[in-house]
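If you read the sequences in order, they're chains A and B. In terms of my numbering, the first sequence opens at residue 1 and continues consecutively. In terms of my numbering, the second sequence opens at residue 322 and continues consecutively.
For the record, the hints were derived by calculation from the structure and aren't laboratory data. Warning: the hint list may mix true and false statements.
[To be verified] Computed spacing ranges between beta-carbons, pair by pair: (1) D534(B) to N244(A): 44 to 50 Å; (2) E372(B) to G146(A): 32 to 38 Å; (3) D109(A) to E372(B): 34 to 40 Å.
[Stated by the list, open to error] Some chain A residues flagged as far from chain B (calculated, every beta-carbon gap over 10 Å): (4) S24; (5) D41; (6) D44; (7) V121; (8) M143; (9) D158; (10) V203; (11) E221; (12) E222; (13) T252; (14) I270; (15) A284; (16) E315.
Don't be surprised by glycine CBs; every beta carbon is placed ideally from N, CA and C.
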Amino acid sequence: MVVAEHDRGTLAPATLEAMTAARSVAAAIGVEVHALTIGADGDDLAADLGAHGATVVHQAHHDVLSDYGPEAWGDVVAQAVRTIEPVMIVATGTDRGNEIVANAAARLDLPFAANCVELEVDGDRLGLTRLRWGGSLLERAAMGGGVHLVTVAHHHFDVAPASVPQEPVVTDLDVSIAPALARSVVVDRIEREAGATLATSPVVVGGGRGVGSAEAFAPLEELAVALGGVVGCSRAVTNNGWRNHADQVGQTGTRIAPEVYFACGISGAIQHWVGAMASKQIIAINTDREANMVTKANYAVIGDLHEVVPAITAEIERRRA
Amino acid sequence: MRILVCVKRVPAPGARINITDDGQNVDTTHLAFTTSPHEECAVEAAAQLVEEHGGEAIVLTLGPAEAEEQLRYAVSVGAQRGVLVLQDDESDPQRTSRALTTAIGELEADGPFDLVLFGNESADSGGFQVGIRVAHALGRPVVNGAKALAIDDGSVNLERETEAGRERYVLPLPAVVGVKEGINLPRYPTMRGRLASKKADIASEAAAIDVIDGALTMELLERPPETESSTIFLGEGPDAAAAVVDVLGELGVLS
Numbered sequence: 001m002v003v004a005e006h007d008r009g010t011l012a013p014a015t016l017e018a019m020t021a022a023r024s025v026a027a028a029i030g031v032e033v034h035a036l037t038i039g040a041d042g043d044d045l046a047a048d049l050g051a052h053g054a055t056v057v058h059q060a061h062h063d064v065l066s067d068y069g070p071e072a073w074g075d076v077v078a079q080a081v082r083t084i085e086p087v088m089i090v091a092t093g094t095d096r097g098n099e100i101v102a103n104a105a106a107r108l109d110l111p112f113a114a115n116c117v118e119l120e121v122d123g124d125r126l127g128l129t130r131l132r133w134g135g136s137l138l139e140r141a142a143m144g145g146g147v148h149l150v151t152v153a154h155h156h157f158d159v160a161p162a163s164v165p166q167e168p169v170v171t172d173l174d175v176s177i178a179p180a181l182a183r184s185v186v187v188d189r190i191e192r193e194a195g196a197t198l199a200t201s202p203v204v205v206g207g208g209r210g211v212g213s214a215e216a217f218a219p220l221e222e223l224a225v226a227l228g229g230v231v232g233c234s235r236a237v238t239n240n241g242w243r244n245h246a247d248q249v250g251q252t253g254t255r256i257a258p259e260v261y262f263a264c265g266i267s268g269a270i271q272h273w274v275g276a277m278a279s280k281q282i283i284a285i286n287t288d289r290e291a292n293m294v295t296k297a298n299y300a301v302i303g304d305l306h307e308v309v310p311a312i313t314a315e316i317e318r319r320r321a
Numbered sequence: 322m323r324i325l326v327c328v329k330r331v332p333a334p335g336a337r338i339n340i341t342d343d344g345q346n347v348d349t350t351h352l353a354f355t356t357s358p359h360e361e362c363a364v365e366a367a368a369q370l371v372e373e374h375g376g377e378a379i380v381l382t383l384g385p386a387e388a389e390e391q392l393r394y395a396v397s398v399g400a401q402r403g404v405l406v407l408q409d410d411e412s413d414p415q416r417t418s419r420a421l422t423t424a425i426g427e428l429e430a431d432g433p434f435d436l437v438l439f440g441n442e443s444a445d446s447g448g449f450q451v452g453i454r455v456a457h458a459l460g461r462p463v464v465n466g467a468k469a470l471a472i473d474d475g476s477v478n479l480e481r482e483t484e485a486g487r488e489r490y491v492l493p494l495p496a497v498v499g500v501k502e503g504i505n506l507p508r509y510p511t512m513r514g515r516l517a518s519k520k521a522d523i524a525s526e527a528a529a530i531d532v533i534d535g536a537l538t539m540e541l542l543e544r545p546p547e548t549e550s551s552t553i554f555l556g557e558g559p560d561a562a563a564a565v566v567d568v569l570g571e572l573g574v575l576s
């Protein structure tokens, strides 16, 4: 059973990755894929979930479910497990996905494996491979417990409609929710100003310890502007107070996936690499030919970024003039 | 205000994580250890709250005897004392949660902590669940991923980031919160902090939670397949700029 992640009725595209994973597990052991939507806002998602292979969509309705709340949503999943007894609960390992399944696991006192990339049901046992260290290591593991609670690593499974689309049976899941769980429901939101973000920008110009100071980021800003991109940085930069954490690319910062990532004066520690590795092309600028970022990049310039970066911006402007 | 921060001792890897020959551990022969990054920020958040509201911040960890290093570091950056629950073997998330819940129960003989802070997830195993399991066992509200946190009139106000901006939560105290890096910039130890950490009270006790049948059990660690390194060198110094811009043109980002 896939837990559909949505925000007031808008399906998180990541949910469809969990549908792909669930179809594959279900086909291997000969069972159907069901989906669960939480809150009345999720009622409209049934057709989309059917197109991605759900034969049954269970819908949970309750006043407390009018907006997202990790405890209430986790409680619904726990009740669905008790009532329907699926082989497996699958969500995608987003902030919410991991949080919902962890809340369900706590209530059921069952094991939970986050960010799986391989799943193999073998009777009561689930064999799995999951990400550690933000994806720098893989862990082969197993768990028992009857109903297996997992999330699949975000961006690992492709989104694809089912080869046999379903017109799902829609059914009401009878839930009982303690009013107290309203305590952790979203109370309001602050919308971000429009514009490119680190996570979505097609070009990111990243700076590391080699930049040397907050002021020395100015040429990186100019290159980013010339390419319609944004500036990012490594954790060393944030820890030195040169830039705000909002600009940090890495395991504990933002995961980026631009067309081009300039890695300027960045050695390429694990912490940074796992945030940058989804970049389509990486151009490293570094004085150290042996730096991890240089050996992992598609292109590299060996030299002082303080000279190379302004030269690139000047060359772009010269060609445009 | 009484605040508890739960932290984890983890290796501090550089550019590459190596695995021991038996595939059971990260090879830490040449590695230093640190506190998981989100938790460094949780300690800082607790220190700031105690500075603002008064009270005490205690830091708790489950781990080997060496984890005392991380507890003393937390005291050097603003916590008042530490508690170490000793457990040498690899723990699973359920067992860790039970051991922490038991330890918290003992620390709460005189009443509950106003706030129990966790990191959003640990840097190494990344289970995304211990704080939530502990909160449920304690019967307290919990939200993960906090990027802003303030205490106001018996409740804790939280913000967390979404693709569209931020969403806000208000939890009644006592509560449990999972903190994300970026909520603050952790301070460095001062000389006074270092002295305090040397003299700090670090209590220690053995964990007494049995291995749980059917729990998530690690079998083997592996490195993901490496992509072939085939870096194209575009030149040295500013003279390489033309070659870089040629590449940008080919990649279609020079509009």
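Right, here's what the structure says about each hint:
1. The supplied range of 44 to 50 Å is met by D534(B) and N244(A), whose beta-carbon atoms lie about 47 Å from each other.
2. At roughly 48 Å, the beta-carbon separation of E372(B) and G146(A) lies outside the given 32 to 38 Å, and the hint is violated.
3. A hinted range of 34 to 40 Å for the beta carbons of D109(A) and E372(B) is consistent with their spacing of about 38 Å.
4. Under the 10 Å C-beta cut-off, the non-interface status given to S24(A) relative to chain B holds; the minimum distance is some 20 Å.
5. Under the 10 Å C-beta cut-off, the non-interface status given to D41(A) relative to chain B holds; the minimum distance is some 15 Å.
6. Consistency note on D44(A): stated as away from chain B, and its beta-carbon is indeed over 10 Å from all of that chain's, at 19 Å minimum.
7. For V121(A), the requirement that its beta carbon stay farther than 10 Å from each beta carbon of chain B is met, with the minimum near 14 Å.
8. For M143(A), the non-interface assignment is contradicted: its Cβ lies about 4 Å from the closest Cβ of chain B, within the 10 Å cut-off.
9. D158(A), annotated as away from the interface, keeps every beta carbon of chain B farther than 10 Å; the closest lies near 18 Å.
10. Remark: the non-interface label on V203(A) conflicts with the geometry, its nearest Cβ contact in chain B lying 6 Å away (cut-off 10 Å).
11. Even its closest Cβ contact with chain B, about 17 Å, leaves E221(A) beyond 10 Å, as expected for a residue assigned away from the interface.
12. At the 10 Å boundary, the C-beta of E222(A) stays outside the reach of chain B, the nearest C-beta of that chain being 13 Å off.
13. For T252(A), the non-interface assignment is contradicted: its Cβ lies about 4 Å from the closest Cβ of chain B, within the 10 Å cut-off.
14. Distance check for I270(A) against chain B: the nearest CB is about 5 Å away, which does not clear 10 Å, and the non-interface claim fails.
15. The non-interface label for A284(A) is inconsistent with chain B: the shortest C-beta to C-beta separation is roughly 8 Å, within 10 Å.
16. Remark: the non-interface label on E315(A) conflicts with the geometry, its nearest Cβ contact in chain B lying 4 Å away (cut-off 10 Å).
The structure is inconsistent with the numbered hints 2, 8, 10, 13, 14, 15, 16, although it conforms to all the rest.
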